[in-house]
Amino acid sequence: MRRRALLAAFLAGALQTSAIGAMIVSRALHIRHGREIVLDVIPVDPRSLLRGDYVYLNYAISRLPASLLTPPREAPRGARIYVILERQESGDGEKWVPAGASLTPITAHDPEKQIVLQGHLIWQISDQGNEQFGVHYGIESYFVPENTGRELERLARTGSVKTAISVSPEGDAAIKALIVDGKRVDSPLF
Amino acid sequence: MWIYAKRLERDLKRWHEQGWLTGEGYRAILAEQARSKPPSVTAALAAIGAVLFGFAAISFVAANWSEMGAVYRTAVLIAALWIAYGAAAYLFKKSLPDFGQAAALTGTILFGATVMLVSQMYNINRYEPDLILLWLAGTLIAGAAFRSSLVLSFAMGLAALWAGAEAGFLPQTVQWHFLPVWAGVAALIAWNRSGVGLHLSAAVLSAWIIHLGAFLPGPWEAHSEIAAIGAAGVLIAAGVLAAAPPGLLRQAAFRAIPYAMIVTFGGLFFILANDQVPIVLSVFGTAVCAVLAPMLISPAANPLHKAVPLLFTYALNIALTGLLIMQFGPKWNLTLDSFIVAALAALAVLTSALALGIKAHSWLIMWLAYLGLIVEILGLYFKTIGTLINTSLFFLVAGVLVTGLAALLIRFGRQAPQDEAVS
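So the sequence lines, in the order shown, correspond to chains A and B. The first sequence begins at 1 in the numbering used here and counts up by one. The second sequence begins at 1 in the numbering used here and counts up by one.
A couple of the hints might just be wrong.
Restraint ranges, calculated between C-beta atoms of paired labels, are given here [as the list claims (entries may be wrong)]:
#1 A:Glu74 <-> B:Leu188: 38 to 44 Å
#2 A:Arg3 <-> B:His361: 31 to 37 Å
#3 B:Val277 <-> A:Arg154: 42 to 48 Å
#4 B:Glu24 <-> A:Pro76: 40 to 46 Å
#5 A:Pro76 <-> B:His361: 32 to 38 Å
#6 B:Leu347 <-> A:Arg77: 39 to 45 Å
#7 A:Pro169 <-> B:Ala187: 28 to 34 Å
#8 A:Glu146 <-> B:Pro294: 31 to 37 Å
Calculated Cβ distances over 12 Å to all of chain A for the following chain B residues [as the list claims (entries may be wrong)]:
#9 Ile58
#10 Glu67
#11 Leu77
#12 Tyr90
#13 Pro97
#14 Gly100
#15 Gly107
#16 Glu128
Per the computed footprint, the stretches of chain B lying under chain A, defined by three or more beta-carbons under 8 Å from a beta-carbon of chain A, are [what the hints assert, rightly or not]:
#17 140-154
#18 311-322
Derived from the structure by calculation, the hints contain no laboratory data. Think of the CB as a built atom: it goes at the ideal place given N, C-alpha and C, for glycine as much as any other residue.
Put together the whole structure using the sequences plus the hints.
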């Protein structure tokens with residue numbers, strides 16, 4: 001019993017610590033080595049009972065016109081989608097705007113100016129009827145200390161909140177930093 | 001069951017002393033017996049203490065307390081996780097299995113809290129149910145490694161939480177994929193021969209059936225059908241109980257009755273939630289419980305003693321349905337004073353029922369009261385949540401108090417035989 005209990009403690013502790021370690025390392029590597037782009041956001045602040053307060057980040061690229069989508073245009077909710085973003089220079093600096101989308105994997109024609117993001121459809125689309133489609137990229141939540149979400153929301157209304165996104169070669173996105181009024185708050189690596 | 005267990009322990013000791021049973025065989029039978037033994041008050045308090053510690057850790061994570069860096073918070077939680085598992089191994093070694101299981105449970109909750117913290121730290125927007133599924137997987141490993149009924153039962157609770165989170169993310173969709181997950185966890189619980197865990201599995205499945213009322217055939221349309229299915233289940237099980245010869249079928253029918261009742265009351269909860277019926281239900285149910293309580297403690301004094309625990313369970317179910325609807329029903333917005341009165345009444349009814357269940361050795365009452373307490377505490381947590389860091393502190397203090405109480409009980413329990421020997 002004594003040996004079995006010790007073995008059980010070691011097994012449970014080691015496997016669980018490894019799982020947590022794997023989460024940390026994969027995320028840190030993603031943030032460190034992915035390509036960085038900056039996007040405008042419109043946050044709203046809900047609360048998760050397990051993870052606390054967060055701002056829900058709504059992006060201009062979260063809702064796209066159906067005309068951008070290369071046929072076929074029928075897919076269930078949750079289906080994987082690939083969106084091409086193109087860099088445009090403007091008076092405020094560079095902006096990343098959607099240039100195309102597909103339900104099958106695609107590559108950027110001009111890797112210098114374009115990047116592919118992977119996401120999931122947040123509602124079903126059909127060949128006829130949908131004028132727009134919604135996409136979830138996995139970068140929609142930003143966790144904040146308790147009761148500080150409202151302030152971010154206020155700042156966002158004045159257009160002074162952006163996020164720096166790290167994009168992996170496969171097109172997965174992760175939040176690298178939140179930029180509030182030009183001040184950058186980076187996610188920790190380790 | 002308890003009388004049999006006591007007698008078996010006595011006989012085993014005698015057979016061992018007379019040399020008819022080897023030391024190894026004696027210990028193996030005792031260990032087997034301990035696994036199927038109903039939990040004591042100490043075990044219950046230790047488990048509640050572990051859950052409270054866990055709530056403290058989760059609230060601490062949710063507070064996203066900026067005074068301490070996220071990396072330090074992660075290190076603290078991982079260190080606490082290892083300490084909890086180390087303590088579990090030590091407590092099992094010291095023949096304190098109740099506390100060992102509670103420590104292992106604390107470890108698994110700390111694992112979940114750390115998963116949530118890491119996802120918060122890196123703003124991992126992964127579908128929250130997936131994170132709960134990871135927590136569930138870690139919990140199953142710990143539960144199987146320690147062969148802990150408590151941890152495996154907690155895993156069943158996590159499976160329910162996962163299904164709830166899935167429902168939150170995919171509203172108006174029936175969670176059919178919950179069934180294989182439920183079956184997997186229930187199979188591990190059955191492998192560990194945990195009677196308590198199997199009861200919890202049945203309760204979770206009942207809750208899942210109740211939730212179907214919201215989706216079949218259309219939103220908020222099928223609660224009456226679910227209540228009718230539950231009532232039909234009660235009638236069929238009662239019929240089998242009356243007609244079938246003693247055996248497995250009869251036992252299964254007896255055990256199915258409370259769960260069919262839970263389904264019935266679950267359906268009624270949503271049908272009745274909009275009018276004044278809950279007040280009548282709570283007053284009536286509590287009054288019947290109060291009348292039955294003395295009969296429950298001294299069963300020999302009344303001719304209906306065999307039916308009293310079942311009747312008490314019906315009454316408790318009725319009272320609980322009313323009290324929960326009043327506090328958390330979708331259309332019920334009590335003033336703060338009325339809410340506090342209803343919450344105190346529910347806690348009083350449930351703790352009294354728990355004490356009565358333990359005193360009367362009734363699993364049925366004990367576990368219904370347990371389930372009710374968990375629902376009530378969770379409901380209060382969600383409804384009254386203030387600042388998260390204070391909530392965390394509240395749960396930590398409550399955990400220390402409850403665990404301390406359990407430790408005191410163990411001490412008294414160990415002293416009792418000596419006192420008896422002296423007298």
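Hints and how they fare:
Hint check: A:Glu74 to B:Leu188, Cβ distance near 41 Å, so the stated range 38 to 44 Å holds. The hint said 31 to 37 Å for the Cβ distance between A:Arg3 and B:His361, and at roughly 35 Å that hint holds. Between B:Val277 and A:Arg154 the C-beta distance comes to about 45 Å, which sits within the given range of 42 to 48 Å. For the hinted restraint 40 to 46 Å between B:Glu24 and A:Pro76, the CB-CB distance of approximately 59 Å leaves it violated.
In this structure, A:Pro76 and B:His361 break the distance hint of 32 to 38 Å, their C-beta atoms being roughly 53 Å apart. With their beta carbons about 42 Å apart, B:Leu347 and A:Arg77 fall inside the hinted range of 39 to 45 Å. Between A:Pro169 and B:Ala187, the C-beta spacing of about 41 Å breaks the proposed range 28 to 34 Å. The beta-carbon spacing between A:Glu146 and B:Pro294, approximately 48 Å, falls outside the hinted interval of 31 to 37 Å.
Distance check for B:Ile58 against chain A: the nearest CB is about 6 Å away, which does not clear 12 Å, and the non-interface claim fails. Distance check on B:Glu67: its Cβ comes as close as 9 Å (rounded) to a Cβ of chain A, failing to clear the 12 Å threshold; non-interface status is violated. The claim that B:Leu77 is not at the interface with chain A is violated, since a C-beta of that chain comes within 12 Å of its own (minimum 9 Å). A cut-off of 12 Å between C-beta atoms contradicts the statement that B:Tyr90 is not in contact with chain A; the least separation is 8 Å.
B:Pro97, annotated as away from the interface, has a beta carbon of chain A within 12 Å; the closest lies near 9 Å. Not every CB of chain A lies more than 12 Å from the CB of B:Gly100, the least distance being 7 Å, so the non-interface label is violated. With a closest Cβ-Cβ approach of about 7 Å to chain A, B:Gly107 is found to fall inside the 12 Å limit, against its non-interface label. Non-interface call for B:Glu128 relative to chain A: violated, since the shortest CB-CB distance, roughly 7 Å, does not exceed 12 Å.
By the rule of at least three residues with a Cβ nearer than 8 Å to a Cβ of chain A, the coverage given for the region 140-154 of chain B holds, with 5 such residues. For the region 311-322 of chain B, the proposed coverage by chain A is not satisfied: 0 residues have a C-beta within less than 8 Å of a C-beta in that chain, short of the threshold of three.
The structure is inconsistent with the numbered hints 4, 5, 7, 8, 9, 10, 11, 12, 13, 14, 15, 16, 18, although it conforms to all the rest.
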